[in-house]
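Chemist: Here are the chains, one letter per residue:
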Amino acid sequence: MKYVKPDSLHAASVLLAQETGTSRILAGGTDVLVQLRSEMVEPDLIVDLKQLDGLRDITAEAGGFRIGAAVSGAEMGEHADLCAAWPGVVEGVELIGSTQVQGRCTMVGNLCNGSPAADSVPGMVAANAVARIQGPDGERDCPVLDIPVGPGKTSLAKGEIITSIFLPARPANASDAYLRFIPRTEMDIAVSSAGVNLELDGAGTVIGARVALGAVAPTVRLVKDAGAALIGSRLDDAAIASMVGAVEAACSPIDDKRSTIEFRTKTAGVLAKRAALIAYERAGGTS
Amino acid sequence: MALDGNEKREFKVIGQRVNRPDGIDKVTGKALFGADLTAPGMLTGRILRSPHAHARIVSIDTSAALAMPGVKAVVTNADLAEPQDDFFRDIKDNVLARDKALYDGHAVAAVAATSRSAARAAIRAIKVEYEQLPHVTDVDDAMKADAPVVQAGRADESVPAGSSPNVTSHFEFGHGDLEAGFAKADTILERSFKTAATHQGYIEPHACLATLGHDGRGELWCCTQGQYNVRTICSQVCGIEATQLRVTASEIGGGFGGKTTCFIEPVALALARKSGKPVKIVMSREEVFRASGPTVSSSSDVKIGMTKDGRITAAQAKLRYQGGAFPCGTVEFGAQAAFAAYDLDAVQTLGWNVLTNRPKEVAYRAPGAPMAIYAVESVVDELCQELGLDPLDVRLKNAARKGTLASYGPTFNDIGLVATLEAAKAHPHYGAPLGENQGRGLSCGFWFNFGGNTCVSLNINHDGTVGVVEGNPDIGGSRASISMMAAEELGIGYDKVRTVITDTNSLGFNDVTDGSRVTFAVGLATIEAARAAIREMCKRAAQIWGIDAEAVVWEDGAAKPSGPNAGDHPPMTLAEIAAVMDNTGGPIAGHHEVNADGAGVSFGVHLVDTEVDTETGATKILRYTVFQDAGKAIHPDYVEGQMQGGAVQGIGWALNEEYIYGEDGRLQNAGFLDYRVPVASDLPEIETVILEIPNPGHPYGVRGVGETPIVPPLAALSNAVSRAANVRMHELPMSPPRLLKAMSER
Chain A
1 MKYVKPDSLH AASVLLAQET GTSRILAGGT DVLVQLRSEM VEPDLIVDLK QLDGLRDITA
61 EAGGFRIGAA VSGAEMGEHA DLCAAWPGVV EGVELIGSTQ VQGRCTMVGN LCNGSPAADS
121 VPGMVAANAV ARIQGPDGER DCPVLDIPVG PGKTSLAKGE IITSIFLPAR PANASDAYLR
181 FIPRTEMDIA VSSAGVNLEL DGAGTVIGAR VALGAVAPTV RLVKDAGAAL IGSRLDDAAI
241 ASMVGAVEAA CSPIDDKRST IEFRTKTAGV LAKRAALIAY ERAGGTS
Chain B
1 MALDGNEKRE FKVIGQRVNR PDGIDKVTGK ALFGADLTAP GMLTGRILRS PHAHARIVSI
61 DTSAALAMPG VKAVVTNADL AEPQDDFFRD IKDNVLARDK ALYDGHAVAA VAATSRSAAR
121 AAIRAIKVEY EQLPHVTDVD DAMKADAPVV QAGRADESVP AGSSPNVTSH FEFGHGDLEA
181 GFAKADTILE RSFKTAATHQ GYIEPHACLA TLGHDGRGEL WCCTQGQYNV RTICSQVCGI
241 EATQLRVTAS EIGGGFGGKT TCFIEPVALA LARKSGKPVK IVMSREEVFR ASGPTVSSSS
301 DVKIGMTKDG RITAAQAKLR YQGGAFPCGT VEFGAQAAFA AYDLDAVQTL GWNVLTNRPK
361 EVAYRAPGAP MAIYAVESVV DELCQELGLD PLDVRLKNAA RKGTLASYGP TFNDIGLVAT
421 LEAAKAHPHY GAPLGENQGR GLSCGFWFNF GGNTCVSLNI NHDGTVGVVE GNPDIGGSRA
481 SISMMAAEEL GIGYDKVRTV ITDTNSLGFN DVTDGSRVTF AVGLATIEAA RAAIREMCKR
541 AAQIWGIDAE AVVWEDGAAK PSGPNAGDHP PMTLAEIAAV MDNTGGPIAG HHEVNADGAG
601 VSFGVHLVDT EVDTETGATK ILRYTVFQDA GKAIHPDYVE GQMQGGAVQG IGWALNEEYI
661 YGEDGRLQNA GFLDYRVPVA SDLPEIETVI LEIPNPGHPY GVRGVGETPI VPPLAALSNA
721 VSRAANVRMH ELPMSPPRLL KAMSER
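Residue numbers (the working numbering), protein chains in the order written: chain A, 1 to 287; chain B, 1 to 746.
Keep in mind the hints are simulated off the structure, nothing from the lab. Hints may be right or wrong, so weigh each one.
Derived pair list, reagent style DSBU-like, types lysine-lysine, alpha-carbon separation capped at 35 Å [said to hold, decoys possible]:
(1) B/620 to A/257
(2) B/144 to A/257
(3) A/224 to B/741
(4) A/257 to B/194
(5) B/127 to A/2
(6) A/50 to B/26
Listed next, with one range per pair, are the computed distances between beta-carbon atoms [to be verified]:
(7) A/14 to B/51: 36 to 42 Å
(8) B/746 to A/1: 52 to 58 Å
(9) A/241 to B/745: 20 to 26 Å
(10) A/1 to B/744: 48 to 54 Å
(11) A/262 to B/435: 25 to 31 Å
(12) A/83 to B/738: 34 to 40 Å
(13) B/620 to A/41: 36 to 42 Å
(14) A/155 to B/25: 50 to 56 Å
(15) B/744 to A/54: 47 to 53 Å
(16) A/84 to B/498: 53 to 59 Å
No residue lacks a Cβ here, since even glycine has one placed at the ideal position from N, Cα and C.
Same shape as in the complex, but just chain B (with noise of 0.2 Å):
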């Protein structure tokens, strides 16, 4: 995006540690989740799911229930409306079932009732006759010939003829002459690797309150990454118009992309309508686990050629993503992202989509990336190891850098690449000696960025206070990070700007809050509404003054004048100017509307060292090191706790996290207990350096920071434990079983 040389490189709040509006809020309990709203003759809504992994339902019963003292509804299926697009009629039979339950966990009909435990009544009283039918939970298993159909006539044309019926989406990237490439290597590893599937781990539980009268008008209060992006998904799986549905985001518990969609929301207004009362639907942590949006499991295959002062001449990888139970489109951005780091001459990533009977996996960070990146970030360590390189110069031999023809079809511009490698290199943690059964790893790490679609009030007060009205959820620090560029831009104290986020019928259309988008692209656009809303002040102080618009200027919080013709006027403030705002012409307010590119993309350089127990297989976590490059780190805290925050799910995901099913294809481990997180005592303080390379998409130089971070830990994880163990490992997680299982068999 051209910036009209509107760049600014010199801060005054921006760069600060300011409070965080929400946090009293939060720690005193007075903010509103979720589950925390309440209304007038509220019922409980809850949602009968299938114990089945496949199954076709032959019938479904409800009238024993619909009889019970206290229950005022019941939905299925046939009582959502008729979306005509694919991706809508997915997510309608994604949150009640049509005729077949596709997963353990998967929605079949849902009651409202006047009490929990009337409602809980219900559902054992509704009767689904099931036909149980053979599944498959394994990608690699899916994909086979004669594997069970998960849903028939779903691939796209991209999907080569005599493949699985499974294979829903296939992709190519990359350039280049891959067997010259390989002739010239003297070394060629090919190594397979597979990854489970993780879940996000939101400590918030979904959760909503719908009201939907006869009148055709909706409210809807809820727990979302995206409001508008809910509203759209409830307008076309209920049949509402847009304008018709109100929703509201609740302070959301986490989300970590796991809340990019709709699970309970259309079931709650289904209820309601039938109802005629408002339905709180919350989700138990149980139900989370089964049926909400884990992440792909991957399989996967990279092929690395590199000479002995390690260039790399040629490199593949071949990516098997199963995404649970509908179409995903997650293996493009594995394939793109695979090779992200390196300046490569000839390469090549293929990509399969998968049907499996799981849920449908949603976005967890930077989704896709990470199962990739761990093959082939692995894989190069290991050419490092047989040749005797230096892991940290090998990567910057084969640094991408501005100019790279990136594996993926663009050429970058700035990017912090070898800046961060460097930085990583010339960190006490490189050169930090290592004992007995220690290992360091070291992995790269990349992420995309995204921008969007972005709306932006900035209300001028008439007491010289700023309202910012935005319309993202604050799931990262974002009403924190907005004031402070509002208040930069306008020259006045982070504490004179409060920001708040608004529901769909009082802002324009906003994309979700994902693809590290939002200190970026609402960054930007509060930014440019701050200097709309300028504008105009400097036109109200010129009217004032008697002068042209065009001799005042803003500096310092203060219009003044400026130029030869100006005449000697004391500068107003921006206080000044909008104490007298109803004699010049009335409210001041700035907006901003646009689709914003120019996100810029991030990398991120992990380094940790781990020491094995020989014994037991279980390894400790000695130190971590996050190195990355923010562009501009507004608020520095929360770009250290997105960087932190990342390194800690991607510890979990290689050490211990998985989605474990059973022969009967039934998810195991449904619960904080056997879906292990890390626990603060798993972790040393994880030390981060924030490079700041100037992103020229933004004003200030900002690039979204909240995914690259979870990218590395794979392969940094698997690199340092298989040379801590002394025996290469190929799988996640390395729970303790299986790495004592390797070292026995090394």
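In isolation and in its complexed conformation, chain A is listed as follows (with noise of 0.2 Å):
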């Protein structure tokens, strides 16, 4: 196994795209340890990206937020103006692991690890965010809606890095929220969540909504149609009901040890519901 910490991201990428056997990237390494030591993945490669510059900022640009690869959680959770702007990106970020996670992990790396649970990814496509991508020849922009493309699988190519996360400017009277399921309080992972952001007129009602929920299908899904049943309405008991029948209807989720289809079909609803009157609180509006 080798491991390397390259001077630039060019150069990581063009390690990356020339490694023959399996490579993994390290930034906070709450995942790729945690494979390495339940030998899941035995990789030829490691490449270690943290040191680089720029990539534990977050940098305030064009009315938004730039924020490195390797920020971790934690430093995300104490960031007051981010916390400010995008209050639901942050409480999915700081849902990922425990505490002592919250110092290393990382949005992007939970992004690329490609879990449909991850809780960072919901969040992050209801506001509308969008990767930054180092490959051998050169950078690129992505929806963060278009990278998870299947359980553990991205649309990354060889070699491509994912190397900031851009959050857009806010308008005002807008706010996002986040909420999982999980059988317990803490230490677990989301049976099935949603990220809900909404924008407000000035007299509350509803001019801009993202609904986007997670794992109740191979990737995150932003549902369009869960979005638009809020729109025009003040989160009255009818359009709720609409928008929790439009997230039922985008629901795809599998049986398995950790829930049922029809679980967390119905969760996803509630949740959605939850999120979305927490994100019209926050937004300033009162229903």
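Using the hints, build the complex out of the two chains.
Modeler: Put into structure tokens, the structure is as follows:
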């Protein structure tokens, strides 16, 4: 096994592109090290990125935020401006692992691990977040929604590295929320989850809504009908019921050791409803 | 046991909350656990496990593995001895499969190599040809006539003719006329229940370091609840004379009953013998789940008749336990414990032990009792609801007490059940208001407790300090408790006593740390050893004073002349007698060896308030109070810790913990992510109320406290959740999908 700390993102990308065996990228390491210890994977190459310039920074950009790929969950949770603008995104990230894991884990790692149950992903998708990607031949941007393509799989090409996540500027009267269901209260993996991002007008009417679901399909689901159901409403019961119907219709989960199709579908609707009400209140709405 | 009037009820040290002697070592990392020892030239041992639930082993080809660099030995079942006794042969065939792999994870072969990676590569190079067989993992399925046969010919003489070959033993207890009893009832309820298999969930995986030279002498360091038991098993399974195998117990990161047998130690010894090098084996968490000893899973039917005013007229329980791929006796404990809390005229319990393609069950705190009492206490609660009766009053009305003929045979002596129920009734928790979607659950619990073989030495040192040597691994704070009892009896400070747990060649035989026996039995032996040392110290003082030994008494840590002809001598303290002992006859020590009985049964009552989320089926525990009779709490922190720990493990069992098997018979959740023990944020502070109704069988009145507290939580939670959700639950765990489904169907 080769362990490399490259000098630049480009060098890292080239190394990964040239590797003929199995490779893994190390930022926080909270997935990779667990996989190594449990012998799920024996990589030939590990590329450590966390020391590279800019990867641990949260910077203001175009009214929004650019969050480096090696920024930890704890660092996001302590960034007051980020928490004020995107509380739903941050609360999703902060649900990854334990307090100890929060000191190391990263949002990008959580995304690239490819789990349909990843806690940070529905929040990012609801936020319309964009990933910046370094490849051997240069940089490109891609919506976070289009990164996961199946359990454990991403759309990234060989050698491509997500270097940062961009969260766009926030208009007034806008906020977001993320909720997940787990059988315990901590240290668990989502059975179902929902991120809701709302924008209101001055009167509290919803003028923009994005609803994203986790753990109810092979990848995160952006449910456009669910968002549309809320637009024009002040989250009255009919609008909520319509949104819950759209959420349940968008679910295509599996029965497994963690839960059932029926339970995942039902709770996805419950969580979307509860998250919408929280986001609405955070955005200044009173229903 | 006759105590000859030596009971002691006034204490100076007992009842204090002294610092634990192992605390600093554990928080600084100095304490040595099973995996912490290394030896020069040590090899890494690793075990190949069956990927099939049930398969005939056609052949094992180890030649490629043996030819690999760094590989020093490969062993299979054929490298072990031939124990004649079924009990030891089953352990042998569990630690390395003989002709069939009997469950997913069953050990098939093992290697020792110079590195972890070499051992891993060698394991992959072993070629095993399997012929897959039909499997069965559910207890009710295994009892069907056409069920796959796990092991043929294992039924004992108790099994009724015509039973499935997977039934290995059958038990029946009770007394009175059931038919007449049920005829007197105003209401009869009959319900069926299921409980999932759970795991003890100890934090430290099994680990050992073995040396076995060509001279036939072995050294074994391991994480265990009983080094003598490990010696007995390994002697039989590996063919070593007991005295040639010295076993030392490491510090132990939890056991709860699960470390009362062997999984890896005979394998490590066999590898050490074959390679001529020390071999260390450390199980991974996945291996612990797949191939150590979880609990039985159960299926049961309980029928109880009650009068309108809450008197139970007759009661019957039928219990079916699967204990994995080897015979176990656990249903006997369940059948005995089921109705122990009740004074009944007509009662019957029937039990069946059943084989399945799962790992063999091992003890887990009060083995067999929680699932039986869960079913009984659930039916009692449902009867209370139907008849509009207070569940505590009904328990009090039917409670077992001194003189009750227990459903399993004996007549109870002094027991604390009524006092415990009355304490619960008087507690503010019982009358506290409940909100919407909230419910309160109550359950009694019981465990027999055990005494057993015990040997203790107590040595007086020249400087007035005292060393106690005992042979039971400390899993619940016993070193502190034993030191406290020695200090109390000798009349010296706790800080002057140090208790160590020794190896198998340094002290006589001791039974395993189980049955909540250590504070009781080792405590009793320690007190008697101290009394022996006191008699000797009185003799030495008499010798110095030139008076009869009978004229010397021991008070407040000193020998004093007593009686008309004793003369006027200043008292001699323990330290003063110790300082001159070389001149008065040499070393002073006390010993005591006993097979202790009189352990004294233990009852507990748990109260829990829960709130159910009607949209998700999630259960929140709002308040939890444990009431338990400890006889005498030697170190109250440890007693409370046992009560809280048992409650928490029971909460896990009730709400989320379960062994999940797929259609292929393979365990699907062999890790702490998907085998969900409670986390701290799931729990309120567990309140505790210790009652002290002295056990007449112990000089200080001690009863074991370690096991009873895991018994009531299952029914207490089920009763609370059923009342909160307004739907009666009959299966554990009450995981959110299961509860939400039940609510949707109510």
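Chemist: Now, for every hint given, state plainly whether the structure supports it.
Modeler: These are the hints, each one checked on the structure:
This hinted pair checks out: residue 620 of chain B and residue 257 of chain A have alpha carbons roughly 22 Å apart, not beyond 35 Å. Simply put, residue 144 of chain B and residue 257 of chain A have alpha-carbon atoms about 26 Å apart, close enough for the 35 Å limit, and the pair holds. Only pairs whose Cα atoms come within 35 Å are accepted, and residue 224 of chain A paired with residue 741 of chain B is accepted, the gap being roughly 29 Å. As the CA atoms of residue 257 of chain A and residue 194 of chain B are separated by approximately 18 Å, the hinted pair is consistent with the 35 Å bound.
For the hint linking residue 127 of chain B to residue 2 of chain A, the alpha-carbon distance of about 30 Å falls within 35 Å, and the restraint holds. Between residue 50 of chain A and residue 26 of chain B the alpha-carbon distance is near 34 Å, which keeps this suggested pair within the 35 Å criterion. At roughly 40 Å, the beta carbons of residue 14 of chain A and residue 51 of chain B sit within the given window of 36 to 42 Å. In this structure the supplied range 52 to 58 Å holds for residue 746 of chain B paired with residue 1 of chain A, their Cβ-Cβ distance being about 56 Å.
Checking the proposed 20 to 26 Å range against residue 241 of chain A and residue 745 of chain B shows it holds: the Cβ atoms sit about 22 Å from each other. In this structure the supplied range 48 to 54 Å holds for residue 1 of chain A paired with residue 744 of chain B, their Cβ-Cβ distance being about 51 Å. The hinted window of 25 to 31 Å between residue 262 of chain A and residue 435 of chain B holds, with their beta carbons roughly 28 Å apart. Evaluation of the 34 to 40 Å hint for residue 83 of chain A and residue 738 of chain B yields a pass: the beta carbon distance comes to about 37 Å.
Taking the beta carbon of each, residue 620 of chain B and residue 41 of chain A are about 38 Å apart, inside 36 to 42 Å as hinted. Distance hint check for residue 155 of chain A and residue 25 of chain B: the Cβ-Cβ separation is about 52 Å, which falls inside the suggested range of 50 to 56 Å. The hinted window of 47 to 53 Å between residue 744 of chain B and residue 54 of chain A holds, with their beta carbons roughly 51 Å apart. Separated by about 58 Å at the C-beta atoms, residue 84 of chain A and residue 498 of chain B satisfy the suggested range of 53 to 59 Å.
Figure legend: structure checked against the earlier numbered hints; every hint is met.
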